[in-house]
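Student: The primary structure of each chain is shown beneath.
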Amino acid sequence: MKKKLLKRLLLVLISGSCIATITVLACAGGDWDGTEGSMFTPEIINQPKYKPFFRTQATPFYDGYDDASAGIFKEQNTKDWMNFLGNNLSKEAVDYWLYEATINQIDSMIFDIKKKPSNLTQKSQSYSLKALQPESKATGFLYFLGFAKRNEEFAVKEINYWGDENKKKGVYSITKQIAGGVNFLAKATDAFMKERYAFQLERLYFFNKEYNNAIKIYKENEGAFKSEDNIKWRALSYCAGAYYRQGQYAQANYLFSKVFDGFDALKKSAYLSFHPLQQADWNECLGLAKTTHEKEVLWQMFGLYNDYVTAMREILKLNPKSDMADVLLTRAVNIEEEKFNGNLGNDLSKQKELSEKIDKNLVAFLDEMSATNSANNPVIWHLSAAYVNYLKQNFATGDKQLKLAERYSKTSKMIKAQYHLISLVGKVSRLTDLTPKAEADLLTDLKVMFKDEVENSFRPNAARLWVRTTLAKLAIKKEEHEKAELILNGIENRFDKIDNLKSMIAYWDKENKSEFEKLFSEVSGLTKFSYVTLLGICYTQNDQLEDALRAFKSIPKYKNELLGNPFTIHVKDCHDCDHEAVQKTKYNNISFVEKLIEMKGIAISKPAEAGQNYFLVANGFYNMTYFGNARYFYNSQINSNYYFDEELHAAELDNELALKYYLLARSKTSDKELQAKCTFMAAKCEQNKFFTNKPKDYKGDFRSGVYFAQLKKEYTTTKYYQEIIKECGYYRKYIGK
Amino acid sequence: MIRYFLAFSIFFVSCKKTNIEASFYYWKTKFNLSQTEKKILKELNTKALYVRFFDVDISEESGKPLPVAVLEGVDSIPRNINCIPVVFITNRTFLNLNKGQVALLAKNSVSKINSIKNNYAELQFDCDWSGKTKENYFFFLEEVKKLIPKDVMLTCTIRLHQVKYTFKTGVPPASRGMLMFYNMGDLGNINGENSIYSSKIAEKYTSFLKTYELPLDMALPIFKWYVHYRNNSVAGLITKNEMPKINDTILFSQQENNTKFNVKTDHLENGIFYKKGDVLKYETISKEQLIEAAELLQQNLKKEDRKIVFYDLDENNINYYEKETFEKVVAGFN
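Top line first, the protein sequences correspond to chains A and B. As numbered in the working numbering, residues 183 to 919 make up the first sequence, in order. As numbered in the working numbering, residues 4 to 337 make up the second sequence, in order.
For the record, the hints were derived by calculation from the structure and aren't laboratory data. Among the hints, erroneous ones may be present.
[Stated by the list, open to error] Here are the simulated DSS-like pairs of lysine-lysine, each with C-alpha atoms no more than 30 Å apart in a straight line:
(1) A:K542 - B:K135
(2) B:K278 - A:K499
(3) B:K278 - A:K539
(4) A:K876 - B:K326
(5) B:K248 - B:K213
(6) A:K878 - B:K167
So that you can see chain A by itself, here it is in the shape it has in the complex (with noise of 0.2 Å):
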C-alpha cells in the first residue's frame, strides 16, 4: 500500500512548479527544514503521535519519511501466524516460512507432509512443518503462502525507478491468481484464513485495476477484516485507493481518514492519499463522517493540507475540549514564525515591516480562544495567542493573554520555558532603552532561558541569539560597549585596540556587577582572561613583547602551543610539513614571546649576531601571521568566526612587522647569502600585502615588487638563489625561466 502511495506522490509533476520551491527554500538557505528560526517549540503540546505532521519545510513529515509501516506489518504477521499455528512453531521457523522460503520450497513441504518425494534444503528441514498437528493448519498455511507469494508479483514492486519496469514480463498470470483466490476464499472456513485470503484477493483486483471488484470484495468481509494492527487497516486502505481510483473522492477521503484515525503506523500514508479535490466532494465526505469525532478527524486532515484556522474553529464548535486541533495550532504558529526568518533565525527587529504579513484571522481567533478560556488544554492557547500577538507588537493583548498563561507556567518543564521566552519576546520587542529597571525586568525570564536546564526538544537557540543581538543593539546605542560585549561577543569589532580591550578587562574585574551583568557574565563562556589572552596578542603584534609577555603570565594555567616551530622558514611555505617536523623544543605563546625578547637582546647586544638574530625574530613574526606556521598563535576564544573575516582578522594577515625585521636583518649582515633570505622574504611579504589588499578589479594572478628586482639585479650568485630557482616556480616566471 505504502508503495503505491509512493508512487502517487511521484506523479506530480515538481519542475511545473520549481520556482516556487526556491522562493520557499530561498528563505532558509542550505539543507535546513526552516525550524532553525523557530522560538515556538511544537512539542508543548504534549501529543508524540502528531510528531510526524509538526511543522517542516524540507521533508513531507517533521520526522522523516521512513518505512516504518512495513516493518511493523512484518512483525505482526508474524505474530498472527504464529497465533494461528498455535503456537508451536517457533519465531524463526514462521519469519523463514513468510519471507524467505521460495515457492519451491514451500511446495516441497507440502509434499513432503503428504508423503511424497520432495527436494527440501538443509533449512528448511531444520524449520520443518511436518510434526505440526493438525496438519491441515500446516498445509492451509503452506497452501496460503504458495498463493500469497505469487501475488508479490504484481503487488510488491520493487522500487527502482532507473529499471525498465514496465517491459518486464511476469511468470505469474494475475487473472489465473485472482480465480485462485476466489476459489481459496470461497473454500475456507476458518475465520483467519478468510481474512487473509479476503485481502489478497482484494489487492490482486485493485492492482488488476477491478476497483468495483475490489471494493466490494472489502464490503463482503469487511467482518472478517479483525487484525488489528495490520490487515484490518491495510484492508480499508486498499478500499479507499479503490474508491480514489473511480474518482469517488468523498468515499476515498472518508475512509482514508478512518485508517489515518485508527492506525498510527498507516497515519502518514493515509496522509499523503487524503486529497480533497473540490469543494463538493469535500462537502460530501463531511456528510460521510457518523460521528462527531470522525467528523474532527476530517477537519483535522483538511486543516494539515489547507486552511487551519477554519480548521480549528469547526473541530472546536464540534467538540470544544476537543485536543485534535492542538497540533494545528502550533503548525499555525510555526508557519507565522517562517515570515520572520532571516539568515540568522529569526530576525525579530523586522517586525513592524513583516507585521502586516501576520495572518489576521489567525490573530482574531487565537484572540477568541485566549479569551474564552474553554479549550482542553488553555495554556497553549494563552502562549499561542500571545506570541503572535506579540510579533504583531499588539502588546497590551499580548500581556494579557500571558498573564492567563501563567498559572499554568509551572505544569511542565517544556511550558515553563516556553511561557519565558515569549515573555522575554513581549518585553524585548518594545524594549528602547536598557535601563537598570529594564534589565532587572527581564532578569527572571533571561534566567529561565539562559541558565535552566531544557527539555532537548526545546527551540531555544534564536530566541537566544535574538534577544542577546537586541539587548546589545540597545546597550551600544548608550556607548556601553562593555555589556554590549558582554551580553554578545562579536557585537562589536573593536578588539584590534589595547585601550578597548583594557576597558574590557577593567569591566570583567568591576566588583559590584548588577544581577544582569552577573547572570551575562555566568553564561558567556568567556573570561576576563579570554581578553588578557588577546591583549597579550596585539602588544605581541605592536612589538611590545614585554607587555605581551606579562599578559600571557598572567592567565592562569595559560598554554598555547604553537604547531611548528616558528622561527623556520622555507622558499615554499609547507605549514604541515613544519607540523610534522622534529621539533626539539615545543613552543608556546609565552615561550615563543620569551625566546623572542633574548633574540632581540642579542642582536643588540652583540652586534656580529645581530644579522642572524634579527632574521629569526623576523621568521617569528612572518609566522605568527596567516601565512605562516605558527599562525594557532591567534587562537583567542574572541572573535573565532568560524568564517575566516577578513576585516576582522586584518591584523592577522599583515607582515608589515616581519618585513620591518628582515630588513633590519638584511642591513645588519654583510652574508649575502643571509640578504638573499631576507630579500627573498620580504618579497613574500610584499606580495601577501598586495594580494591581501589588492583592488577589485585586479584580474591578474602575478605581480612582482622592488625585491624580486633586487634579488635579480644583486644575489644571483649566491646558493640560496639557485634553491629559490629550483623551488619557486613564481620567481621562475619572473626572470623568464
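Given chain A, put chain B in place with the hints provided.
Tutor: Using the frame of chain A, we list chain B on its own:
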C-alpha cells in the same frame, strides 16, 4: 588586406538569411496532442518538439536521485516530428553527490531516456545549477557525452542569471544553450512587475548575451498562471488544469484596473483551497510583449541560425495567440 577581408566577410554574413526554426516544449506527463496543438505545429512547419521525458529529484526516502513523473504515451508523437528528449534535474540533486554517484546518475539517465525513445538528434538537460553544484552538473554533462552517439547534440537550458554571472556559475560543457527568456520578476512581491516577462528586467541581462560563450537558442514564454497570495505571501502557483473558474462571481471578484482577483468565498477547487481574502494575480505575456521580447533579443544577439522554442505547447496557451503572432516573433530573429 586583412581589414578589407574582414569588411567583406561581415558584408557577406549580413546578406545571408539566417535559418530560424520555430519549436515548442511539451511539458506534461502524458503525450497526447489535441487538434489545435497539431494544427499549430503544421502551420508553423515545426520539425522538432522538445519533450520533457522525466524529472530527477532526490528521493526523500532513500536520499538517492530518482526519476519522477516519467512521460507516458511517447508512441503517439507524430512521425514527422523529431522528438528531442528533455530531462529536468533539480539543483539539489547535485548538491551532495560524489563523482561516482554523478557518473551513475548519467548512466541511469541515459538508459532511462533510451528506454523511452532511443533515436534522437539532440538531447537536452534542464537544471538551474548554481555555483555550489556547477562542478557536479558539468561533470554529469561530460559523462552523458560519453554515453550518447557522437552525432547527438547535447544541449542544456541557461537561465538569465547564469548568463550574467558566468564567473560564478560557469559555462556548461554543451554544444548549445537554450536561454530561458522568462521567469524574471520577483514572485513574492504582489505589486511587482510581471514575473513571467518584464522588458525592464530583461534589459538588465540582454547586454551579456553577445559575449556568452555558447551559441544560444531562445525559449520564449507563452504560458500563464495565477500567483496565489495569502497574507501577502506566495501560497502557490496555479497552472494548467488547476486553473480556477475565475468568472464565477460568487467565488472571485476582479480588482479594478489590474489582473488581480480577490477570493470572495472559502472553497476548494481542483485540489486548491482558496480562502476569503486571498489574492490571485494573473500573469501572462501579451502578443505585443512577445514580439517586443523577440525584438529586444534580436538587437542583442549575433545573427546566426537558431531555434525559437515556445514554452509550452498546450491548447490553452496556443489559443491566446494567433498564428501570425508566432510567425512575427520568429521572423523578428531573421
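Student: Would you list, in rising numerical order, the hints stated earlier that this structure does not obey?
Tutor: Violated hints (numbers, rising): 1, 4 and 5; every other hint is consistent with the structure.
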